[in-house]
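Just need the whole structure built from these sequences, with the hints factored in.
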Amino acid sequence: MDGSGREPGRSDRSRASTASVLMGRVLQTPTAEPPGNPEPGRVGGTGARATGPDASARRDAQTEIPASPGVESVESEGTAPAVRTPRRRWPRRTLRTGLTILLIAAAALAAAEVATPPVEGAPALVAAIDRAHGTVPVQAESSWRVSQAIVAAEDSGFYTNDGVDEVGLARAFWGWMTGVDEGGSTITEQLAKVIYTGGRTGITDRVAQVAAALKLDGHYTKAAVLSMYLSAIYFGNGYYGVLAASEGYFGRRPDQLSWAQASLLAGLPQAPSLLDPLQHLAAARSRQGYVLDRLVATGVLTRVEADAAVAAPLDLR
Numbered sequence: 006m007d008g009s010g011r012e013p014g015r016s017d018r019s020r021a022s023t024a025s026v027l028m029g030r031v032l033q034t035p036t037a038e039p040p041g042n043p044e045p046g047r048v049g050g051t052g053a054r055a056t057g058p059d060a061s062a063r064r065d066a067q068t069e070i071p072a073s074p075g076v077e078s079v080e081s082e083g084t085a086p087a088v089r090t091p092r093r094r095w096p097r098r099t100l101r102t103g104l105t106i107l108l109i110a111a112a113a114l115a116a117a118e119v120a121t122p123p124v125e126g127a128p129a130l131v132a133a134i135d136r137a138h139g140t141v142p143v144q145a146e147s148s149w150r151v152s153q154a155i156v157a158a159e160d161s162g163f164y165t166n167d168g169v170d171e172v173g174l175a176r177a178f179w180g181w182m183t184g185v186d187e188g189g190s191t192i193t194e195q196l197a198k199v200i201y202t203g204g205r206t207g208i209t210d211r212v213a214q215v216a217a218a219l220k221l222d223g224h225y226t227k228a229a230v231l232s233m234y235l236s237a238i239y240f241g242n243g244y245y246g247v248l249a250a251s252e253g254y255f256g257r258r259p260d261q262l263s264w265a266q267a268s269l270l271a272g273l274p275q276a277p278s279l280l281d282p283l284q285h286l287a288a289a290r291s292r293q294g295y296v297l298d299r300l301v302a303t304g305v306l307t308r309v310e311a312d313a314a315v316a317a318p319l320d321l322r
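Quick note: to get the working numbering, add 5 to the position in the sequence shown (first position is 1).
Derived by calculation from the structure, the hints in this document are not laboratory data.
As the structure is a prediction and not an experimental result, all values here were calculated from the model.
Note that CB positions come from ideal geometry on N, CA and C, so glycine has one too.
Any given hint could be a false lead.
To be verified - Pairwise CB distance ranges (calculated):
hint	residue 1	residue 2	range
1	Gly-139	Pro-96	56 to 62 Å
2	Trp-149	Val-172	24 to 30 Å
3	Pro-96	Ser-147	50 to 56 Å
4	Ala-302	Asp-167	20 to 26 Å
5	Ala-229	Arg-136	14 to 20 Å
6	Asn-242	Tyr-295	39 to 45 Å
7	Ala-316	Pro-277	23 to 29 Å
8	Val-141	Tyr-295	28 to 34 Å
9	Glu-146	Arg-290	24 to 30 Å
10	Val-172	Val-309	30 to 36 Å
11	Thr-303	Ala-132	28 to 34 Å
12	Thr-206	Ala-133	19 to 25 Å
13	Val-315	Pro-123	42 to 48 Å
The structure is reproduced here in structure tokens:
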């Protein structure tokens with residue numbers, strides 16, 4: 006019985022049989038006809054083969070049989086047997102490969118979700134990081150300019166996603182397979198990377214980060230996740246957390262930063278050493294420009310305000 010609930014009928018079998026017979030006729034090699042049958046390539050007629058000049062002329066003017074899809078046409082009697090044109094199989098192989106990867110990834114994610122620790126202790130882990138580096142956690146609300154700049158630059162879908170960027174994850178997995186870093190981590194995944202996998206980027210660590218990010222997003226509010234991220238992320242020069250970075254680079258608390266300072270600070274976590282504003286100010290400024298462009302694109306700033314931030318002094322210590 007088929008998916009519609011009805012048993013296949015005789016007509017279905019007849020159509021299949023007819024199709025097989027027609028295909029067989031197209032593919033068969035021309036052979037000598039026994040007496041009484043039509044000549045190869047002829048349509049209709051019964052009885053003994055006709056003779057004489059007219060019959061010979063008719064035999065020479067054979068009716069051409071159109072080739073079916075994927076089969077080379079037979080031009081005349083005595084030619085080589087028709088050969089099927091090889092079909093392209095790469096779409097099927099690509100589909101099978103993709104499905105296999107998805108199944109492996111799903112199985113690995115399910116295993117990682119069981120293996121990753123409960124996330125109830127995440128704030129304590131963040132506090133331990135800050136304590137080890139002589140600082141304390143902060144709330145995202147108290148560093149609102151840096152918070153908005155971080156979200157715009159690092160994860161513009163932060164407030165709507167479930168902690169994981171599926172497209173970014175696929176790029177990261179492809180990057181792992183090809184050896185090219187494609188990035189794509191959300192803020193929640195980056196937090197999981199810091200507090201659960203020690204910053205490692207292997208494929209098993211990446212899967213564990215995704216599993217932990219899903220747990221974090223399901224357990225905490227977005228404000229709480231962002232606060233933990235701002236308190237634990239590394240900003241370079243030994244500064245862990247936005248409070249230490251703000252005071253270290255500018256001698257100000259996070260809530261006192263200008264847009265120029267906040268946008269510069271928000272660009273540093275991507276590559277703290279390469280973007281160190283004390284050693285590589287031009288690179289840090291370039292990244293700051295990107296952050297300001299993202300703030301304009303997400304509607305936080307106008308173009309005029311962003312241009313003013315670029316021109317404003319940084320007052321680095």
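Checklist entry - Against which earlier hints does the structure fall short, listed by number upward? => result 6
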